[in-house]
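A.B. asks: Sequences listed follow chains A and B, in order. Its first residue numbered 0, the first sequence is counted upward by one per residue in numbering that gives the first Met the number 0. Its first residue numbered 0, the second sequence is counted upward by one per residue in numbering that gives the first Met the number 0.
Watch out, some of these pointers could steer you wrong.
To be verified - Below 30 Å or equal to it, Euclidean Cα-Cα: the simulated DSSO-like pairs (lysine-lysine) are:
#1 K29/A x K232/A
#2 K232/A x K254/A
#3 K296/A x K163/A
#4 K254/A x K48/B
#5 K26/B x K254/A
#6 K106/A x K162/A
#7 K296/A x K29/A
#8 K232/A x K73/A
#9 K296/A x K275/A
#10 K140/A x K106/A
#11 K296/A x K106/A
#12 K48/B x K232/A
#13 K40/A x K48/B
#14 K162/A x K140/A
#15 K48/B x K73/A
Unchecked claim - Far from chain A by the CB rule (all over 12 Å, computed), these chain B residues:
#16 H24
#17 G29
#18 P30
#19 G62
#20 K63
#21 L81
#22 N84
#23 A86
#24 P87
#25 I91
#26 A94
#27 A97
Said to hold, decoys possible - Computed, partial: chain A to chain B, Cβ under 10 Å:
#28 L259
#29 S263
#30 N310
Bear in mind the hints are in silico, worked out from the structure with no lab data behind them. Since the structure is predicted, the reported quantities are computational estimates derived from the model, not experimental observations. Don't be surprised by glycine CBs; every beta carbon is placed ideally from N, CA and C.
One letter stands for each residue in the lines below.
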Amino acid sequence: MPSNPATKSTGRYSVFALAREAMRMHSGWKRAWASPEPREKYQVVIVGAGGHGLATAYYLGRNFGITDVAIIEKGWLGGGNTGRNTTIIRSNYLQDPSAAIYDKALKLYENLSQDLNYNVMFSPRGLLMLAQTEHEVRGYKRTVHANRLQNVATEWVSPERIKKMLPIINIDGPRYPVLGGLYQERGGTARHDAVAWGYARACSAMGMHIIQNCEVTGIETSGGAVRAVNTGKGRIECDKLALVVAGHSSVLAEKAGFRLPIESLALQALVSEPVKPCCDLVIMANTVHGYMSQSDKGEMVIGGGTDGFNNYTQRGSWHHVEETVRALVETFPMLSRLKMLRQWGGIVDMTGDRSPILSTTPVGNIFVNCGWGTGGFKAIPGSGWAMAELVAQGAPGPLAAEFGLDRFREGRFIDESVAAGVAH
Amino acid sequence: MLTLTCPCCGITADETELHPGGEAHLKRVGPGSSAEAFETYLFARSNPKGVHFERWRHAYGCGKWFLAARCTATLEVFGTYLAQNAAPPPEILAAIRARRPDWTPTAIAPRDPEPAERPNE
Numbered sequence: 000m001p002s003n004p005a006t007k008s009t010g011r012y013s014v015f016a017l018a019r020e021a022m023r024m025h026s027g028w029k030r031a032w033a034s035p036e037p038r039e040k041y042q043v044v045i046v047g048a049g050g051h052g053l054a055t056a057y058y059l060g061r062n063f064g065i066t067d068v069a070i071i072e073k074g075w076l077g078g079g080n081t082g083r084n085t086t087i088i089r090s091n092y093l094q095d096p097s098a099a100i101y102d103k104a105l106k107l108y109e110n111l112s113q114d115l116n117y118n119v120m121f122s123p124r125g126l127l128m129l130a131q132t133e134h135e136v137r138g139y140k141r142t143v144h145a146n147r148l149q150n151v152a153t154e155w156v157s158p159e160r161i162k163k164m165l166p167i168i169n170i171d172g173p174r175y176p177v178l179g180g181l182y183q184e185r186g187g188t189a190r191h192d193a194v195a196w197g198y199a200r201a202c203s204a205m206g207m208h209i210i211q212n213c214e215v216t217g218i219e220t221s222g223g224a225v226r227a228v229n230t231g232k233g234r235i236e237c238d239k240l241a242l243v244v245a246g247h248s249s250v251l252a253e254k255a256g257f258r259l260p261i262e263s264l265a266l267q268a269l270v271s272e273p274v275k276p277c278c279d280l281v282i283m284a285n286t287v288h289g290y291m292s293q294s295d296k297g298e299m300v301i302g303g304g305t306d307g308f309n310n311y312t313q314r315g316s317w318h319h320v321e322e323t324v325r326a327l328v329e330t331f332p333m334l335s336r337l338k339m340l341r342q343w344g345g346i347v348d349m350t351g352d353r354s355p356i357l358s359t360t361p362v363g364n365i366f367v368n369c370g371w372g373t374g375g376f377k378a379i380p381g382s383g384w385a386m387a388e389l390v391a392q393g394a395p396g397p398l399a400a401e402f403g404l405d406r407f408r409e410g411r412f413i414d415e416s417v418a419a420g421v422a423h
Numbered sequence: 000m001l002t003l004t005c006p007c008c009g010i011t012a013d014e015t016e017l018h019p020g021g022e023a024h025l026k027r028v029g030p031g032s033s034a035e036a037f038e039t040y041l042f043a044r045s046n047p048k049g050v051h052f053e054r055w056r057h058a059y060g061c062g063k064w065f066l067a068a069r070c071t072a073t074l075e076v077f078g079t080y081l082a083q084n085a086a087p088p089p090e091i092l093a094a095i096r097a098r099r100p101d102w103t104p105t106a107i108a109p110r111d112p113e114p115a116e117r118p119n120e
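Please put together the full structure from these sequences, using the hints given.
C.D. replies: This is the structure we're talking about:
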């Protein structure tokens, strides 16, 4: 592994740097990444400076030595779903290809702060998925068995043990009794903005260009391969183009002349006023379409379900929030007195089998990374790792091999509707 | 909250009374069709940021399916019409053009399904 490139421009973050800056009134901190104007040509252009796009760029540089890279972003860095999710990290999926890529991501998360020299506040506090119907009990027990074969440590826990782990829970129902749970001790959360910022800093230090407020208006192709992208800041030529834009994937694919098996839906989350520590696990309850964790500030971070109709507005329907909160209040009665501070929405890119797409496309040298749907944050490092491999080599490596677009034609679905249907 | 008028029973219903059914005017392909034609029919979606034609069911009302023209970028509803229409009727297209003069139907038309080799066998 090469020495950390982030040390070049911004200085290495350490206790000594902190002490040095404390002595001089913190006047020496530099900007974590540069904001250059785009050049006329790059080897690789990545559209989307969210977690997945930045991670793709980072691993292109770190693993393949490709640093002639621009990451262009129509809004601000990490301002899409990277800044809107509920920061849950886990790898307890059912199918082998999912377990491979999500567990790769989890393993990278475990050392990400050291790797990037940037504190992403990874907190492996344990993750518990509640089974509240007989179907879920069977589904999660099956997942535990599958995880054991995949070498992903998860276990089935009884309602009594859940009550001990989490005293605020009401396991008796009556509408949603807790019948058990799927527990992954290594699961947890991380600080979502810091993940984007840490990757951005490391990319910038390798000489990559991060260009914000730069919307793609067109994609130029010739002879069936990409030539350039037209943007709000002019025409940028590229040898390879990676589209890593989540909710707007269909919009960009149309500019390049192909369609994706994706529909864009709104997904909402909300956060309460801060309270004293009461919940040191990440809780997911798929039956009631809700999931919750307590942030370091003490806020209860709550995520809901997706709307059923196509939507690009980053606003969801109120009744989904109402459903989520109504069910969570029954399972966690102490929530009923909490005031909610903020509520927001993001646009998620849903595929038919609830698994992502990392793939070549009908246009030469255009690659897509999308379809992470309601659960992309947890996958960021693994997704970037696999996508960098795909872009650098022009063909998928072992992690991305099963996630190609051709699986929809050939019927090789990676069905994660149980693991990923709603809750994340 | 999204509000649509059911063209079957005439009731203006809130979203909670309705069930969304995805993109409208998809052409079903026959049993002899190619894998590509099935892929297009089953999975490829226009998913536009803008005017979208879609299916809805008045689930907690008359129970009938109907179609709606709606903008996915603003949530504006241009109109609803009966599901028997194979294409958006002229008055709906006029309502869309009145509000979106620059609108053109999605640039990439879905690939025409290949003729079935053994139709209705």
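A.B. asks: Evaluate each hint against the coordinates.
C.D. replies: Against the structure, the hints:
Simply put, K29/A and K232/A have alpha-carbon atoms about 26 Å apart, close enough for the 30 Å limit, and the pair holds. Only pairs whose Cα atoms come within 30 Å are accepted, and K232/A paired with K254/A is accepted, the gap being roughly 17 Å. Of the supplied pair hints, the one linking K296/A and K163/A holds, its CA atoms being roughly 24 Å apart against a limit of 30 Å. About 12 Å separates the Cα atoms of K254/A and K48/B, which keeps this hinted pair within 30 Å; it holds.
The straight-line distance between the Cα atoms of K26/B and K254/A is roughly 23 Å, inside the 30 Å bound, and the hint therefore holds. Between K106/A and K162/A the alpha-carbon distance is near 29 Å, which keeps this suggested pair within the 30 Å criterion. The suggested pairing of K296/A with K29/A holds, with an alpha-carbon distance near 27 Å, which does not exceed 30 Å. Distance check on the hinted pair: K232/A and K73/A sit about 10 Å apart at the alpha-carbon level, within 30 Å; holds.
For the proposed pair K296/A and K275/A, the alpha carbon gap of about 9 Å is at most 30 Å, so the pair holds. Our distance criterion of 30 Å between C-alpha atoms is met by K140/A and K106/A, whose separation comes to about 23 Å. Straight-line distance between C-alpha atoms of K296/A and K106/A comes to about 26 Å, which keeps the hinted pair within the 30 Å bound. For the proposed pair K48/B and K232/A, the alpha carbon gap of about 22 Å is at most 30 Å, so the pair holds.
Pair hint K40/A plus K48/B holds up; C-alpha atoms about 29 Å apart against a cutoff of 30 Å. A distance of roughly 19 Å separates the Cα atoms of K162/A and K140/A; the hinted pair therefore holds under the 30 Å criterion. Annotation: proposed proximity of K48/B to K73/A holds, straight-line Cα distance about 15 Å (limit 30 Å). Its beta-carbon lying about 14 Å from the closest one in chain A, H24/B satisfies the requirement of being farther than 12 Å from that chain.
Its beta-carbon lying about 17 Å from the closest one in chain A, G29/B satisfies the requirement of being farther than 12 Å from that chain. Interface exclusion of P30/B from chain A stands, the closest Cβ pair being 15 Å apart, more than 12 Å. Non-interface call for G62/B relative to chain A: holds, since the shortest CB-CB distance, roughly 17 Å, exceeds 12 Å. No Cβ of chain A approaches the Cβ of K63/B within 12 Å, the least distance being about 18 Å, so the stated non-interface status holds.
Consistency note on L81/B: stated as away from chain A, and its beta-carbon is indeed over 12 Å from all of that chain's, at 19 Å minimum. The beta carbon of N84/B is kept farther than 12 Å from every beta carbon of chain A, the shortest such distance being approximately 19 Å. At roughly 19 Å from the closest C-beta of chain A, the C-beta of A86/B stays outside 12 Å, upholding its exclusion from the interface. Residue placement check: P87/B keeps its beta carbon more than 12 Å from all beta carbons of chain A (closest about 16 Å).
Residue-level check passed: I91/B sits 17 Å from the nearest beta carbon of chain A, beyond 12 Å. At roughly 19 Å, the least C-beta separation between A94/B and chain A is larger than 12 Å, which holds for a residue marked as non-interface. The claim that A97/B is not at the interface with chain A holds, since no C-beta of that chain comes within 12 Å of its own (minimum 21 Å). A cut of 10 Å between beta carbons decides the hint on L259/A: the least distance to chain B is about 7 Å, and the hint holds.
Look at S263/A: its Cβ gets to within about 6 Å of chain B, closer than 10 Å, so that hint holds up. Annotation: N310/A was flagged as interfacial toward chain B, and the flag holds, the nearest CB pair being 6 Å apart, inside 10 Å.
Taken one by one, the earlier hints all hold for this structure without exception.
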